[in-house]
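K.L.:
Quick mapping for you: the protein sequence lines, in order, are chains E and R.
Going by the working numbering, 26 is the number at position 26 of the first sequence; the sequence numbering is gapless.
Going by the working numbering, 230 is the number at position 230 of the second sequence; the sequence numbering is gapless.
Because the hints were derived from the structure by calculation, they are not lab data.
Predicted, not measured: the structure shown is a model, and the values here were computed from it.
By construction, the Cβ of each residue, glycine as well, lies at the ideal position given by its N, Cα and C atoms.
Hints are supplied without guarantee of correctness; some may be wrong.
Claimed, not checked - Beta-carbon label-pair distances, calculated as ranges:
(1) Arg-244/R <-> Arg-95/E: 51 to 61 Å
(2) Glu-51/E <-> Ile-85/R: 32 to 42 Å
(3) Gly-292/R <-> Asp-17/E: 51 to 61 Å
(4) Glu-147/E <-> Arg-119/R: 44 to 54 Å
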Amino acid sequence: MRLLPIVEHAVKGRVWDCRMCGQCVLHSTGMTCPMTCPKTLRNGPCGGVREDGHCEVTPEMECVWTVAERRSRSVINPNAWEREFDHLRPPVDNRLRGTASWSNLFSGRDRQTPLGWDGATYSPDLTVESSLGEVDDIDSLDAGFHERNPLP
Amino acid sequence: MSRLSELVESRERHIVTAEFPSIDGGGLDAVRSKLDPLLPYVDAINATDNPAAHAHASNVSIAIALATLGAEPILQVVCRDRNRIAQQADIMGAALFGVENICALTGDDVTAGDEPEARRVFDLDSPQLIRVARGLAEGRYLSGRPIANPPRLFIGAVENPSAPPLDYRVKRAALKSNEGARFLQLQICYYPDRLEKFITGCVAEGIDVPTALLPTVCLTKSARALTFMHDNVPGIDVPDDIRRRVASAANPAEESYQVTREIAQHALSLRGVAGLHITDFRHDGSLARLVGDLGLRP
Ligand code: SF4
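With these hints in hand, go ahead and build the complete structure from the sequences.
P.N.:
Here it is as structure tokens:
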């Protein structure tokens, strides 16, 4: 598996200037890598795009998102991909940087988002503070706590 | 409920927001002396977040100071300088002091400022930040950790009606509106036709109903100021004829004012515009004059 990131980068780096964020969204961005935007924006162009469509930060380069938007409307781009252009892409998981998005796609790892992103919450029992509090307050431990958390 | 949220809800009259000047010292007295000339004329005031990538007294500190001094702040949160943890902490911290209005924006790049060697962050982008802020108000951090007493937040953002790709800007406004932006302060636009096209597009998509559209107008004094903005402020393009008109006028300061008044009047005449956001670089009473000339009554 260690070879996969190298192979992936060799291919995608050449063709799409891939930055190996590990959670590829190329299909939804007109096959234009959003990580080549100097601000690494995942959801469309910033307000700084120049009159000629070039980048605020790197004036000699056309804005990545101007290119992406144009390409997403191209006749060779599948309609479903074009529609996905307007969907909100979640924040980058910085732990995946440098890993192979191909295997992350296969395992579904690239679609994992923080719980709160989709409105879910986790049980506050699991926070450091509440766990430490429990040590002082024996009554606060729910039934079966010790069975589930055996001492080492 | 913030006054801004009530006005956006009721739309009983045009809304006026303004940019607060940067503060670099002088204690609360400095804040008060900049606030006094603004306060009677505006509904809410932006506590800016290191505008144009220059460090100043922080957004949170100014927002709290404004609230303390009886004004209604809008806490700007940019994505350039802080990661998602710090951004959430800032919103939560300001909310402790009653700051409800949040304006999420990407932010000019570090290269626009006087410390271009700084590391740029952009951990979240602005549409993502809107969603994260909405989560805080709904009682959870992005991680999913619950918040027992969620802050009351009224969330807005910024959009540039006059930057390429022009046709895509309405979709981007829709994305922000769908994620929970209830007001959009629009980047200053010296092309009335572009603003009109953008607003018409927003009305066609129904964006103007849940989300108050507030075009920005900018009070300047000279052709030099306009040229400076044109050359140095990302995303602002001032057409030649406007710069020439001001430069060749007998009284450039008055001509600059008239340019701004015309742009403002045109913006307010468009169906779908809920009010104005004003940036004042003159500090000579022109803001009061403009509000009076336009018949706005905060
Ligand atoms: S102009 Fe385009 S490429 Fe440049 S920073 Fe903004 S969105 Fe990214």
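K.L.:
May I ask you to test the hint 44 to 54 Å on the CB atoms belonging to Glu-147/E and Arg-119/R?
P.N.:
holds, 47 Å
K.L.:
Could you say whether the range 51 to 61 Å given as a hint is met by the Cβ separation of Arg-244/R and Arg-95/E?
P.N.:
holds, 54 Å
K.L.:
Lying within 32 to 42 Å: is that true of the beta-carbon distance Glu-51/E to Ile-85/R?
P.N.:
Since the Cβ atoms of Glu-51/E and Ile-85/R sit about 36 Å apart, the hinted range of 32 to 42 Å holds.
K.L.:
Could one say that the CB atoms of Gly-292/R and Asp-17/E fall in the range 51 to 61 Å?
P.N.:
About 53 Å separates the Cβ atoms of Gly-292/R and Asp-17/E, which means 51 to 61 Å holds.
When each numbered hint is compared with the structure, no violation occurs for any of them.
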